[in-house]
Every structure is written in C-alpha cells, then in structure tokens.
Amino acid sequence: MINKGFNQKNNLSNKKKLPPGQYLVDYLPILTAGPTPKIDLKLWNLEIYDNQDLMKSFTWEKFLKLPQSEFFTDIHCVTKWSLFDTVWKGVYLEDILEKSSINFSSGYIYVSCYGGYTTNIPIKDINNKKGMIAHSYNSKPLEPPHGGPARLIVPHLYFWKSAKWIKSIHVIDKDKPGFWESYGYHMYGDPWKEQRYYSD
Amino acid sequence: MNWNIGNIESIFSISPRVKVFKLKLKNNPKKIIAGQYFDIRLTAENGFQAQRSYSISSSPKNLKFIEFTISKSPNGEVSEYLHNNLQIGDKIEVKGPLGNYFNWIPTNNDQIIFFAGGTGISPFMSMIRHKIETQNNSKFKLMFSSRTIKDILFFDELNKYTILDPSFDMKITLTREKSSLWKGLTGRFSINEIEKSLHNIDKNSVNYICGPTNFVEKISSIILDLGVNYDLIKTERFG
Ligand SMILES: Cc1cc2nc3c(=O)[nH]c(=O)nc-3n(C[C@H](O)[C@H](O)[C@H](O)COP(=O)(O)OP(=O)(O)OC[C@H]3O[C@@H](n4cnc5c(N)ncnc54)[C@H](O)[C@@H]3O)c2cc1C
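Each protein sequence line maps, in turn, to chains A and B. First residue of the first sequence? That's 32 in our numbering, and the numbers climb one at a time after it. First residue of the second sequence? That's 27 in our numbering, and the numbers climb one at a time after it.
Since the hints were derived computationally from the structure, they do not count as laboratory data. Only a predicted model underlies this, so the values are computations on that prediction, with no experimental measurement involved. Just to be clear, a hint being listed does not mean it is correct.
Quick list of the computed label-pair ranges, beta carbon to beta carbon [unchecked claim]:
#	chain 1	residue 1	chain 2	residue 2	range
1	B	LYS117	A	VAL118	40 to 48 Å
2	A	GLU78	B	LYS117	46 to 54 Å
3	A	SER170	B	GLN75	27 to 35 Å
C-beta atoms are modelled at their ideal positions from N, C-alpha and C, and glycine is treated no differently.
Just chain A, same shape as in the assembly:
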C-alpha cells in the first residue's frame, strides 16, 4: 500500500542491505524495559553454570585477563533501528565456556543479568566467534545505559538477545524463554527472517 507523498528522508549512506522493516540510524539508541542498574565493579562477578552446577566464576580482574578480541559488526534492534559498523571489545563466549570446562556442542545458553533480565540463545549461535561479552564500545568503556560494565553481543540476532549487564550464563539442554521471549517476542529472533513476535 503506497502512502502518497511519503519519501525516504534520513538517507544515511546505505551501502549495505538492511534486514526487512529496519531503518538505519547513526547513533546507538537505548531501549530497556527497566532502569539502568547500579553495579559496583568490585562486586561484579560472572558465573558460568553447566545446567545447575557452577563451573567457574570470574571477577572483573579475571575477566579482563581472558583473551581479548575485537568484534566489527552491524546491529539490528527489534524496535526497527539498525546501526552499521560498530566495534566491540571483549571476550568471545566460546573462550569463556572453554575456560569453564564446559562441553558446549549442543543445547542453549540462558543468560541472566543484573536487574533480573534474562534471554535464551542456541549454542550454535554463539560458537565460531558469533557471540562475545563486551566491555568496550567504539574504543571506549561501555557506558551503563548501554550495558556497562559488560554485555552480551550476539549481533546476528535481534539486539534484545545481546543482554545488557550480564551476570551469569547457564548452559542448558532444553530451551526456555527469557524475559522478552515470555512477553510475546520470538524465541530465536532472526532479523533477516523478521522474527520479531512469537507468531512471526
């Protein structure tokens, strides 16, 4: 259905293809269901579980000693904006799981955050450098409203999967919905298939 007189306005240099229904922005917007939690780095802890068993716990210092990598990527938020060419720095998830002696060839991860947010992702979507826990964005420490001190980055899925303020990862056998997944959003969330809502 054509809306007469409607034209593309904010024509940012759009050399790459956008997923369906998305539009390009030139800054990182903030969309969170709750407030930005206040996190003390001295108390910050990342816990890795194999189902219910605690396998490893990283303090902030220990986390920064893990192999550090850079991740260049485009990101796509379910609220329709996309941002091209972002740079994140942090630790690839597979490096963290390996250090935690977890056999992670199949199953899912269930991520919990400061503030209580949760989300679920298949293991196959974080293998082979597809997912990272990032502590810096465009060469600066990640600001709290954007998920600092550290957030997940799984950019080939809608950005609600890239949970802010990460606190723990449970590797689980059976998938279960996280926060937005329980509020009508898609279990998987592939932007290229426009899997926004549970019925998509």
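Since the structure of chain A is provided, determine the placement of chain B with the ligand on it from the hints.
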C-alpha cells in the same frame, strides 16, 4: 500477526508539536490492554518502507477506533509525514496491538506512580482513561513533565479527572515556561519533589516511566537511589 489497515477518522492538534490521530481499524483486534502500541508502516512510491511504534492513547475498551498521540520529531522520517501529509480519509498500514510488558491490567487497590515526559503521557492516557471508565479504585499518581503551558497534553481532561476521582492525583512541572501565569512547579522534577511523591504511596507500588530516553534515565536513576525496588520500575523509552 498480519498488517491491518487504519482509516484516518480525525486529526487534532493538541499542542504546537503534538497531534492526536484517530483511526478506524479494518479488522478489530480481539483485545487491547492499556499500555500497548501499534507499529505503523509507510511505503514510498519507490518501494521504500519505514516502520515506527506508537502507543495507544485511547481507552483499551475501544477496539474499533484507536488513537495515537504523536509528536513531530525535527526532521523525523515518519512523524513529519504523519503531521504534514496525512489527511482525514487516508489509509495507513498498522500492526497491533503489541507489547505485553508496559501494561496496566486493572485490579483494584493498585498503587501506581506514573512519570511522563511529553508524549510519554500516551500509554498512560490509555491506562488513566481505563481507570476512570471502569471506576477502578486504584491509587494513581501522575508526575508529568512538559515544556511550557501550551505543551501540557490533555491538560483539561486530566484536571477534570483529579476532580472526578479522588484516587487520581497529578503534579505537573514545566521545564521551559517563563510566564508568571504558571504557579506550579518549574524546571525538572527535583529529587525532593520525587521523594515527596513516593512518600504517601505504598512501598510496593509500581513505577512506570515513559518519555524521551534522557528523561527515563534521569528519573529511574533518582528513584533507584531513593530506594525503590528495581523490579517495581517499568520503563518505555521513546528514543
Ligand atoms: C514502544 C514505543 C512506543 C512509542 N510511542 C510513541 C508515542 O505514543 N508518541 C510518539 O510521538 N512517539 C512514540 N514513540 C517514538 C516513535 O516510535 C518514533 O521513534 C518517533 O516518532 C520518531 O520517528 P521519526 O521517524 O519521526 O524520526 P526518525 O527519522 O526516526 O529520527 C529522528 C529523530 O531521532 C533522533 N536522532 C537522530 N539522530 C540522532 C543522534 N545522532 N543522536 C541523538 N538523537 C538522534 C532525533 O531526536 C531526531 O529528531 C514510541 C516508540 C516506542 C519504541
């Protein structure tokens, strides 16, 4: 969920920057919950499409006619078109209702504080209208931040509700009003003022915050510092 069609029934300017659009839906949704939104999709002649979300500001009881309260963003792709081009009788594509979190499902004896910045009032209008219509006895307190007197959205209607319903209460602050005609609060809500609003309301009350990102960040940070439980704060950022 499929795209639906909305026929523009009326358009009203309610402030220098905000219009209310009333749409008649081709297919009526089965149910709307106060606080939900629709996606609007516009298509250009060359096939370019843009989608944005807009909260329902009408009562959720109206399944046939829904209203959006939309401010004109400077150079905004979608909101400028809606403001400048859209005419009564035009049709637009809409999908909804969406959003199952920033909602109010009426139960009696709730205690709720709403913090609204500008058009952040839209989802709250739906909740407040629903409360008034159903004579729900929950205690609602609205903390509403606007720029100037002219920018206070739904001022008369909200005033009327404070008189009609003793369990609805409102405090307005104006951040850019210079006129001495305004006797109320000015500037951003102070920590003091926010603390006062939390005082005479139950500790387990839910806090809804909606508006521009900066407003939501600021208010949520203040009420966290004042000791409000993280889980009792719901936010919606309009960007
Ligand atoms: C769930 C939900 C409900 C919403 N409900 C409402 C509602 O009821 N009423 C309403 O008016 N809006 C609402 N919004 C906002 C709405 O969806 C649009 O975002 C808004 O109308 C702007 O869209 P636009 O196409 O006009 O502007 P766009 O073209 O998308 O963007 C222009 C605006 O983006 C901002 N911007 C652009 N670049 C930058 C930058 N570098 N840094 C900072 N800011 C920048 C500027 O403010 C600018 O005016 C809602 C949003 C959500 C997510």
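Quiz item: Looking at the structure, which of the earlier hints fail to hold?
Solution: Of the numbered hints given earlier, the structure breaks none, since each of them holds.
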